[in-house]
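Residue numbers (the working numbering), protein chains in the order written: chain A, 1 to 259; chain B, 1 to 253.
There's no promise every hint is true.
To be clear about the criterion: a stretch of chain A counts as covered by chain B if any three or more of its residues have a C-beta under 8 Å from a C-beta of chain B, and this derived list gives those stretches [to be verified]: (1) 41 to 51; (2) 104 to 117.
List of simulated lysine-lysine pairs, BS3-like, C-alpha gap at most 25 Å [claimed, not checked]: (3) Lys46/B <-> Lys169/A; (4) Lys195/A <-> Lys56/A; (5) Lys46/B <-> Lys190/B; (6) Lys56/A <-> Lys46/B.
For the record, the hints were derived by calculation from the structure and aren't laboratory data.
The beta-carbon is built from N, C-alpha and C at its ideal position, and this holds for glycine as well.
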Amino acid sequence: MDPFFFRVVWALARRSLRGTLRRPQFIAPLVLFPSMFLAVNVGGLTRTTALPGFPKVSGFLDFQLAGAMTQSLLIGGVATGIATALEIEGGFFDRLVASPIPRVALVFGRLLATSVVAAGQITYFLVLGFVFGASVQGGVGGVLVVYLIGVVAGVGFGAIGQAIALRAKNASTVQGIFPLVLVVLFASSAFFPRKLLSSPVDTVARANPLSYIADGMRTPIIQGVGATSVTEGIVAAVLVVGGACGIALLALRGRLREA
Amino acid sequence: MSRSVTVIGALVRRALNEISRVPGAAIPGVLAPTIFMLGLSSVFGKASGLGGYHADFRTFIVPVGLLQGAGFTGAATGVNLARDIEGGWFDRLLLCPAPRATLLAGVVASAALRALMPGTFLLVVAFALGVPVPTVTGLLIAALLVMGLACVMACFSITIALRFRTQQAAPLMQIASFIGVLFTTSYAPKPLLTDWLRTASDINPVTHVLEGVRQGFIGGVEWQHTWPAFVALAGMIAVLGTLAARGLRRYGY
Numbered sequence: 001m002d003p004f005f006f007r008v009v010w011a012l013a014r015r016s017l018r019g020t021l022r023r024p025q026f027i028a029p030l031v032l033f034p035s036m037f038l039a040v041n042v043g044g045l046t047r048t049t050a051l052p053g054f055p056k057v058s059g060f061l062d063f064q065l066a067g068a069m070t071q072s073l074l075i076g077g078v079a080t081g082i083a084t085a086l087e088i089e090g091g092f093f094d095r096l097v098a099s100p101i102p103r104v105a106l107v108f109g110r111l112l113a114t115s116v117v118a119a120g121q122i123t124y125f126l127v128l129g130f131v132f133g134a135s136v137q138g139g140v141g142g143v144l145v146v147y148l149i150g151v152v153a154g155v156g157f158g159a160i161g162q163a164i165a166l167r168a169k170n171a172s173t174v175q176g177i178f179p180l181v182l183v184v185l186f187a188s189s190a191f192f193p194r195k196l197l198s199s200p201v202d203t204v205a206r207a208n209p210l211s212y213i214a215d216g217m218r219t220p221i222i223q224g225v226g227a228t229s230v231t232e233g234i235v236a237a238v239l240v241v242g243g244a245c246g247i248a249l250l251a252l253r254g255r256l257r258e259a
Numbered sequence: 001m002s003r004s005v006t007v008i009g010a011l012v013r014r015a016l017n018e019i020s021r022v023p024g025a026a027i028p029g030v031l032a033p034t035i036f037m038l039g040l041s042s043v044f045g046k047a048s049g050l051g052g053y054h055a056d057f058r059t060f061i062v063p064v065g066l067l068q069g070a071g072f073t074g075a076a077t078g079v080n081l082a083r084d085i086e087g088g089w090f091d092r093l094l095l096c097p098a099p100r101a102t103l104l105a106g107v108v109a110s111a112a113l114r115a116l117m118p119g120t121f122l123l124v125v126a127f128a129l130g131v132p133v134p135t136v137t138g139l140l141i142a143a144l145l146v147m148g149l150a151c152v153m154a155c156f157s158i159t160i161a162l163r164f165r166t167q168q169a170a171p172l173m174q175i176a177s178f179i180g181v182l183f184t185t186s187y188a189p190k191p192l193l194t195d196w197l198r199t200a201s202d203i204n205p206v207t208h209v210l211e212g213v214r215q216g217f218i219g220g221v222e223w224q225h226t227w228p229a230f231v232a233l234a235g236m237i238a239v240l241g242t243l244a245a246r247g248l249r250r251y252g253y
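The following block holds chain A by itself, in its conformation from the complex:
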């Protein structure tokens, strides 16, 4: 790979990160809404750990942390899409296209920034969990697995957001996919054990990669590293990131052709 490509990706990533940090109104929803949801879920449904079929956990907060992380990463994907769409609307994207840089760097620069934000999101929820009494049964190795799956999945969700933005070309359309994000999230085992989901969501959850991503992050927290679900989580995250990057690059090609 050309070192120039990496320099461009790095420069675009830094610019994206600066833009994100300058606009707290974009960062706030990434953590505020999942935190509120986490608080209500834990406060309202903590007794559900006594239901037959619920896995053995130290507390409902431990179980819910992975769900909150998944929700936050999905919202992060929407935020990445909105940021890309705003660059298209504002004309900055066209100026980048006109500059002598590798085109795919436009996608990967933003995704590198998304990976940093995703790591920040994971850190936030782990700290929040520790403050309120949660623990990671998998220890340091478990924490690393949570970061690995979370960051890879976060980049995947960001790539999906980018693909939508490159096709739609406006921020309000990207924002409009938010209800869909909720649908995908609820149709997974992100918030409750798969065995206890109602029909037909239990069936859908089995085919939903989000279930495997959430369970992959959850297992090191509630049980420890080494279980099958960790491998499944990593595979699901890698498949999501691979497929999503492919779709984003195709969308970029379409957009460049139109330009």
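Let chain A serve as the given structure and place chain B on it in line with the hints.
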């Protein structure tokens, strides 16, 4: 008086026109409470096995969806006002020879009417899925409380919009609606809540509104659940309406 009614009517019509002219902007607000209701009941449905719910989880959660719809509508009213401020339309509106209280009433009334849209959609879906249909009195009380809560949230988000004068304050408006509705007995009856949430729901006046809406769906309508809901609503409207009116009075000076 009749002139004020005309102005209020015009502002309500303008708000309703937005729905038909920009349906894409209204759809997420209409769909979200129903998605929440379906999602929560599918995911946490087995929670009703813990006892104390007196109904299946979906029926228990339907009133929460109705209030969420009201909350989203109220927040959207503030966001729309912020957009009008940013675009300069609100400054032109202030030039019209109508009392500012009338303008506030028009904007708030539009929220009350718009809140019926997500509520109706949610009820149609819920009834189709087997949620028992309440009595006419129960439905009527629910509709009034939903409209009232939309007014409360509209007053709050109008205050925020007048203070910050930018759509970027939207998360602040939405988060208040989220906290107001969910930090109650939304997910479980009071005895099943953790201590901190039980305390929060005791303090939160929206709990009374939620219980007022819920009584029509679980059990039956009783005076003991009805009057606290309307008193709580009146109190919230008085406080937040005063703040919104104060913000509007100070705007531009």
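So which of the earlier hints does this model not fit? 2, 3
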